[in-house]
Amino acid sequence: QQPVQSPQAVILREGEDAVINCSSSKALYSVHWYRQKHGEAPVFLMILLKGGEQKGHEKISASFNEKKQQSSLYLTASQLSYSGTYFCGTEIDTDKLIFGTGTRLQVFP
Amino acid sequence: DVKVTQSSRYLVKRTGEKVFLECVQDMDHENMFWYRQDPGLGLRLIYFSYDVKMKEKGDIPEGYSVSREKKERFSLILESASTNQTSMYLCASGNRHAFFGPGTRLTVL
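Chains as they are written, first to last, in this note's numbering: chain H, 83 to 191; chain D, 66 to 174.
These are calculated hints, taken from the structure and not from any lab test. All C-beta atoms in this analysis are idealised placements derived from N, C-alpha and C, irrespective of residue type, glycine included. Take the hints with a grain of salt, since some may be wrong.
Unchecked claim - To give an idea of the interface, some chain H residues facing chain D are shown, with a C-beta separation under 10 Å as derived from the structure:
id: 1; residue: A123
id: 2; residue: V125
id: 3; residue: L179
id: 4; residue: T183
id: 5; residue: G184
What the hints assert, rightly or not - Here are the simulated EDC-like pairs of lysine to aspartate or glutamate, each with C-alpha atoms no more than 20 Å apart in a straight line:
id: 6; chain 1: H; residue 1: K178; chain 2: D; residue 2: D93
id: 7; chain 1: H; residue 1: K178; chain 2: D; residue 2: E137
id: 8; chain 1: H; residue 1: K178; chain 2: H; residue 2: E148
id: 9; chain 1: D; residue 1: K136; chain 2: D; residue 2: E121
id: 10; chain 1: D; residue 1: K135; chain 2: H; residue 2: D177
id: 11; chain 1: H; residue 1: K108; chain 2: D; residue 2: E121
id: 12; chain 1: H; residue 1: K108; chain 2: D; residue 2: D124
id: 13; chain 1: H; residue 1: K178; chain 2: D; residue 2: E95
id: 14; chain 1: D; residue 1: K120; chain 2: H; residue 2: D177
id: 15; chain 1: D; residue 1: K136; chain 2: D; residue 2: D66
id: 16; chain 1: D; residue 1: K122; chain 2: H; residue 2: D177
id: 17; chain 1: H; residue 1: K178; chain 2: D; residue 2: E121
id: 18; chain 1: D; residue 1: K68; chain 2: H; residue 2: E122
id: 19; chain 1: D; residue 1: K122; chain 2: H; residue 2: E173
id: 20; chain 1: D; residue 1: K120; chain 2: H; residue 2: E173
id: 21; chain 1: H; residue 1: K178; chain 2: D; residue 2: D116
id: 22; chain 1: D; residue 1: K136; chain 2: D; residue 2: D91
id: 23; chain 1: D; residue 1: K136; chain 2: D; residue 2: D93
id: 24; chain 1: D; residue 1: K120; chain 2: H; residue 2: D175
id: 25; chain 1: D; residue 1: K122; chain 2: H; residue 2: D175
id: 26; chain 1: H; residue 1: K178; chain 2: D; residue 2: E127
id: 27; chain 1: H; residue 1: K119; chain 2: D; residue 2: D103
id: 28; chain 1: D; residue 1: K136; chain 2: H; residue 2: D177
id: 29; chain 1: D; residue 1: K83; chain 2: D; residue 2: E144
Work out the full structure: start from the sequences and follow the hints.
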């Protein structure tokens, strides 16, 4: 049931952009995005509900394509503080949250 | 601020021991979760509880049980710990999105 994330890892220079994808084999009720910094707990970034909406958080935004059962996270003009591991979480049945394997993002000066 | 606390940050147990991991939240959330985090495997759902005394298996429930006698407390039990249960265990709670505790790093020798 775990959603598949790609790529597994991304290396960027400050100011560059990145896209992280999340794909499910099942119809989704919602998609969540979290970021985990090294040695810390994951922190919620945003949630997208059915309806194909796009949401933003600072220079980080996401889209949700319900028909394709996919979500993408867009990081624009990356900053050093964006480094960490990004997880998508999916709800197939309401409230039960299943996470992907994570995408490790490293931003260098 | 929402607080999710876990009973220990680090725990070392021997094979065959019964292990209790405790999680407490202070925001009156209905939903609570237990995940384990291993390198390359992401966050895998062990058990989920949507109300007191209500529980649902996640993707990897084998070797684990849970208890939710009070709304604020969700316990994970390893009936007979084995070395392959050495991992980072993360508790989370939340009705709309998840708030994570700091994690318990369990080592089974």
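### Message
Taking the earlier hints as the rules, which of them does this structure contradict?
### Response
none
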